[in-house]
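Those sequence lines, one after another, are chains A, B and C. For the first sequence, the working numbering begins at 1 and goes up steadily by one. For the second sequence, the working numbering begins at 1001 and goes up steadily by one. For the third sequence, the working numbering begins at 2001 and goes up steadily by one.
Possibly wrong hints are sitting among the right ones.
Stated by the list, open to error - Partial pick of chain A residues on the chain C-facing surface, computed with a CB cut under 10 Å:
1) I114
2) F118
3) L140
4) K146
5) K148
6) F171
FYI, nobody ran anything at the bench for these hints, they're computed from the structure. Backbone N, C-alpha and C define an ideal beta-carbon position, used for all residues, glycine too.
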Amino acid sequence: MNYRYTTPEVIGLLETLTLTNGGSGDEKAVRDLLYQEIKDHVDSIRVDQLGNMIVHKAATATPSMKVMVAAHMDEVSLMVVDKKDEGFLEVRPVGGIDANALSAKPVVIGKDSIPGVFSARTIHITSASERKSLLDYEKLRVSVGKKKIEKINPGDYVYFMTPFERLGDFFAAKAIDDRVGCANLIWLLKNAPGHIDLYGVFTVQEELGLRGAKVAAYQIMPDLGFAFDATPAIEPPLMDSNEHNYAYNTQTGRGPAIYTVDRGQVHNEKVIFLIRKVAEKHDIPYQLRQPGGGGTDSSAIHMTGSGIISQSISVPTRYLHSPISMMRQDDWEHTLHLIDTLFSELSPEIIKE
Amino acid sequence: MKELLQTLVQAIGPTGHENTVRELIKTLIEDHVDEIIVDALGNLIARKGKKQAGGLRIMLSAHIDEIGVIATHIDEKGFVRFTSLGGVRPYTAYAGHVRFINGTQGVIGMEPVDSATTVQPLNRMFIDVGAESKDTCPVSVGDFGVFERPFIDLGKRVVSKAMDDRAGAAVLVDTIRQLKQSPHELWFVFSTQEEVGLRGARTSAYRIEPDVGIALDVTLTGDLPKADTMDVALGKGPAIKVKDSGMISSPAIVGWMCDTASEFDIPYQLEVLVGGTTDAAAIQINKAGALAGCISIPCRYVHSPSEMVDMDDIENAVKLVVKLLENPVEFTN
Amino acid sequence: MEESRQLLMTITSMAGVSGYEKPVREVLEEKWQPLVDEMHVSNLGSLHALKRGTQNGENKRKRIMLAAHMDAIGLMVTKVVDGYLRFTSVGGFDARLLPYQPVIVHGKEPIKGIVATPVERHLPEKLHGKSVPMEYLYIDTGLSPEKLAGLVKPGDIVSLANEPIELDEDTIAAHTLDDRGAVAAVNECLQILAQRVHAWDVVAVATTQEEVGLKGAFTSGFAENPDLAIVIDMGFAKEPGASGYYLVEMGEGPCLAYGPVLNYQLYAEIEKVAKRLEIPYHKEINPGGRTGTDSDAITLTREGIPTALFSIPLRYMHSPYEIIHYDDMERTGRLLAEFICSLDIDFMEKLSQGPAASSEEK
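Using the sequences provided together with the hints, build the complete structure.
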């Protein structure tokens, strides 16, 4: 396949973004990186009270529409809550991370990125019945070198030490949720069509309940809102060939995922219809995300003020909220292609009743 | 081959009392080998050839013992309490037929259970030989017995008790008869007491001290409804064992077997068995060690009285073993 | 010494799963070639490295064998299905440690992948609320089903892909520290012996397949038939959630095992050397009938071989990131070397079990 959108430069940006650490409340490094990337391409940039970076690219044509696009800078991470002098830390998640994903994973802690590893229970001194039980945060510890522990304090952030790599047809990295959304928003800001008065918002603390998006939407009050995110694709092999996977959320290899109904929002059918029309016209594969749980910044946007029409477009990704996620280059390519064509075809008609 | 197999599986040879099977095999092979030894554990050891330049000393082992029962107590009413010889599963034992070495036949019953979905452990079962009392019971404490089922010929597939490991023994017998020449010194061991810890193989290997050990045994399959994730199926060819729970086959031996099978267009499968092991594990750590591997006959319902194999797999196993032994081979570490 | 630390960094980022140890063996062959007089490889792939001693005269020169296992636990592909791989373990793994663990599948070429786990809704109900057993886990390589089937088959070995990390300048976290930390200690010993004179022959054996039944130790012990043997394996360092008399602090020296299945007099002689040189150590009590190490294979080989067991304290044994303190590795190597240098031709008399019971003279 010819990759027109996910060029080496764009991939390079995603790589840098995923390797930068920024948990909910600690997004600064990511924000600084995004600032450098976009500052020469837009009309104004400011950072609000919560830490959201609000970037404005003014329209150059009329009539124009005020559109807000959100992508969250924060990744799921952990925080040190207690320190034991023998070199162990007790941690808790910042955002949703299953404790069972953490055993023996390498991490970096605090400003100095001090290396540590999550504990594991030595099999020889663990009973068979204990091995059947799930792990929890009370039992997990992070081991750090004795000589380094004095530099660590409760409140320090803990991040996965995962590299960015290609695995077959996929990219594998931490924090694809939502650095891919940030990369997509950067692309849009650099290539926005003239009739869009574009407010790109790099939000904070999405993982703690869409907090950044809520206040950003309030400041902007756009005509139309979007969230660019990543969404789970749950497609394990099944034990029995007679079984079927009916609960996959989305599937990789089928293109960008368009949200329908999630826990926070019933998406607008006119918007969905437009997206499908645009995609079919340009031969872009897409899928409808299975109705169900979950949510994105879009749910925060659509409930702001007296209500705003808002839509989520996400890249299907395996193993979200774990040390390592996987996303197909093809799906990412089609997502950017869809964003490109969709925004060109957006018109004020869509927000009229 | 089917006749040979039927003769072997229907012979009675529980672990620890393999005499009948041994004698049977001895008559089948004695004209085709150079030397026969029967050792203290009852192993039948047959040598064919002497080590030549470029040849290796190869030990091939198939076990002739089958799982069975042994009487532990005769109660006042003539019911026979028993324990297992080798891995007998309660759910295959209940209502099974047993034949003791002395010819007595019986049925396995069990003490009452609460529901139809429960089965008692073996020590709450008994064998009913139709006796009225302890005195008139034809079975005594210490008597050996095997499970009895008729041989079913389904055409390509056959069913019987003791496919484990008479199928392996059949492969070796046929190999002995078919093998015209070999540069290697070959030791065919029809081993005893495999089911209780590879004992016959252990002592045979010590005596022989082979360079290479190859077991011929059965293995499980993954081709039944909701079965384990095992990539072995009936009819897809003999299985070349990579690993089981007691042994990691020497990579050089696995390579040799795969290359030979490919070269002579013999179908084969690769086997990773999570539970169970074979005589080869004992040969591998004999004295200063040996290269070891195993060729397995895929088998359904192992350790039940109704084990099922595919005749093509057995014929192809013979082809493969003959080709392996006919040709010289060199192993570098 | 720096060389042993570097060797450890190198070999802990290599595969070398039980039965398939060749890559590690080749590194050791190269490292030990200048330190010993001759080397050979056993039928099971163990590396025997012999450094001759100076003892001369009519009596056969005494020999001490050191054994540290170079194999590591790993995984093996059982089935290629729908573009994913099912697997089983080679050696003992707690399945709870595997989700999201990076691995390398040694198919036709090395292929990177990660272990993944189904979410609860895709598991049978009997497993809800419990940890996911290994047969339900799978490896995701990101390759298409066709490509994967062309590259990987059942029986292919899978090793863990994580790189070693120094947690501070004294502490290393890595996979396969069990038992390559001991191999590094043996290296340390050989480096020291290169500058010293010793009467006894020393044969350092990097054994294979310890993790799947001490196979290399059985056969190497038989082949060498030494007068004495010292096995070096890993002990249990204190870790959260674990309590027990056998747990020790890291960084305070190796454990010397003391128990009925090892030789008490040999223990005493080694302890004397440690005390004389003020090398810190822990006395590790082993009351049971087995130690779970290569010594279980060697002590009953042939006519019986007096064996000692050194253990380097290790945290999180058999996990993707085990932890040891470099000092413990280096002290172990030093104690081994010093003990070897202290051996004279009469040493075996110290281990005699007493005069014969019968009145007849030998």
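For each hint given before, does the structure comply? Return the numbers of the non-compliant ones in rising order.
Structure breaks no hint.
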